[in-house]
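Enquirer: Now for the letters of each chain:
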Amino acid sequence: MVPLPHLMALSAAIFAIGVLGFLTRRNILVMFMSVELMLNAVNLAFVALGSRLGTMDGQVIVFFVMTVAAAEATVGLAIIISIFRGRETVQADDLTMLKW
Amino acid sequence: MLQSVIFYALAAGTIASAAAVAFSRNIVYSTFALLGAFMGVVGIYILLAADFVAMVQLLVYVGGILVLTIFAVMLTQGIGDVTISNRAVGSVPALVTVAIAGAVMLYAIAHTRWHQAALHAAAPTTYGIGNAFLGDYVLPFEVASLVLLAALIGAIVISRHEARE
Numbered sequence: 035m036v037p038l039p040h041l042m043a044l045s046a047a048i049f050a051i052g053v054l055g056f057l058t059r060r061n062i063l064v065m066f067m068s069v070e071l072m073l074n075a076v077n078l079a080f081v082a083l084g085s086r087l088g089t090m091d092g093q094v095i096v097f098f099v100m101t102v103a104a105a106e107a108t109v110g111l112a113i114i115i116s117i118f119r120g121r122e123t124v125q126a127d128d129l130t131m132l133k134w
Numbered sequence: 003m004l005q006s007v008i009f010y011a012l013a014a015g016t017i018a019s020a021a022a023v024a025f026s027r028n029i030v031y032s033t034f035a036l037l038g039a040f041m042g043v044v045g046i047y048i049l050l051a052a053d054f055v056a057m058v059q060l061l062v063y064v065g066g067i068l069v070l071t072i073f074a075v076m077l078t079q080g081i082g083d084v085t086i087s088n089r090a091v092g093s094v095p096a097l098v099t100v101a102i103a104g105a106v107m108l109y110a111i112a113h114t115r116w117h118q119a120a121l122h123a124a125a126p127t128t129y130g131i132g133n134a135f136l137g138d139y140v141l142p143f144e145v146a147s148l149v150l151l152a153a154l155i156g157a158i159v160i161s162r163h164e165a166r167e
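Those protein sequences? They're chains A and B, same order as listed. Using the working numbering, you'd call the opening residue of the first sequence number 35 and step up by one each time. Using the working numbering, you'd call the opening residue of the second sequence number 3 and step up by one each time.
This is chain A alone, in the form it adopts within the complex (with noise of 0.2 Å):
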């Protein structure tokens, strides 16, 4: 039997990896593994409180974090080879053309 807060202690630890991932890191696909992190540390804190809470709605909310962060992949790499086809990068510092 684990303890809760344990299992919420590496919720939080594989969270704020992710965060420290995604501010410091320039290359594009890295950011996106953190966000990817991020959803994963909280799907964990859903799983761990529903099972202790006995019951199934913290595990039917991670199906549906799960499918939202299947569309933001598909649809976040489909945006960066489209953004590498033109531009030849995949660095956050060089893609500026929104900045005025």
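Hints listed in this document are in silico derivations from the structure and should not be mistaken for laboratory results. Quick caveat: nothing in here was measured; it's all calculated off a predicted structure. One or more of the hints may lead you astray.
[To be verified] Non-contacting residues of chain A with respect to chain B, defined by C-beta distances greater than 10 Å in every case (computed): (1) Ile-51; (2) Arg-59; (3) Leu-129; (4) Thr-130; (5) Leu-132.
[Said to hold, decoys possible] Output of the computed footprint for chain A on chain B, the stretches with three or more beta carbons under 8 Å from beta carbons of chain A: (6) 30-36; (7) 147-157.
[Unchecked claim] Here's a subset of chain A near chain B, in silico, CB distances under 7 Å, partners left out: (8) Met-42; (9) Val-53; (10) Met-67; (11) Val-69; (12) Ala-107.
Where is the CB? At the ideal position from N, CA and C, for every residue including glycine.
Let chain A serve as the given structure and place chain B on it in line with the hints.
Expert: Relative to chain A, chain B alone:
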């Protein structure tokens, strides 16, 4: 006892993989470390008796999102310059932000009186999940399928080559 040992081993592996994703200088190593992070989370789902979620995580994240990410990395990065293509900037402000957010999260985790339900034997979860999807959650379930369809069409439209006349 055995459960605790497995949990801490999985947790250590997951955190190490996640750290490799976020901090590795080589983007190819980052991508493959993501596999370790996803698989660690799968193991913890199984430990929590969430069998269906674990299998869907395996299919969607490892089988779908990870393969798609590897494709994107291989298509956008020249393999020759991977080691210099993943630089980090602004580490100090990011560290301060994450330290504050992490302290708040750990404080909240440590000071909440968590509800602890009575333990019941691990049972298959598919029955309850199916009932929830077609009962209380039927509207979000249908909207999710629309979101997926829109994402599918959007990805095709965005990433295809424009036909030149």
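Enquirer: Please go over all the hints and tell whether each is borne out by the structure.
Expert: So, going through the hints one by one against the coordinates:
The Cβ of Ile-51(A) sits about 5 Å from the closest Cβ of chain B, inside the 10 Å cut-off, so the non-interface label is violated. Residue placement check: Arg-59(A) does not keep its beta carbon more than 10 Å from all beta carbons of chain B (closest about 6 Å). Once the 10 Å rule is applied to beta carbons, Leu-129(A) is consistent with being away from chain B; the minimum gap is 13 Å. Once the 10 Å rule is applied to beta carbons, Thr-130(A) is consistent with being away from chain B; the minimum gap is 14 Å.
Under the 10 Å C-beta cut-off, the non-interface status given to Leu-132(A) relative to chain B holds; the minimum distance is some 17 Å. Requiring three or more residues with a Cβ within less than 8 Å of a Cβ of chain A, the coverage given for the segment 30-36 of chain B holds, as 3 such residues are present. Counting residues of the segment 147-157 of chain B whose beta carbon lies closer than 8 Å to any beta carbon of chain A gives 7, which meets the minimum of three for the stated coverage. Interface restraint check for Met-42(A): the shortest CB-CB distance to chain B comes to about 5 Å, inside 7 Å, so the restraint holds.
For Val-53(A), the suggested interface contact is upheld, since its CB lies about 5 Å from the closest CB of chain B, less than 7 Å. Restraint check, Met-67(A) versus chain B: the minimum CB separation of about 5 Å is within 7 Å; hint holds. Checking Val-69(A) against chain B by beta carbon gives a least distance of about 11 Å; that is not within 7 Å, so the hint is violated. Restraint check, Ala-107(A) versus chain B: the minimum CB separation of about 4 Å is within 7 Å; hint holds.
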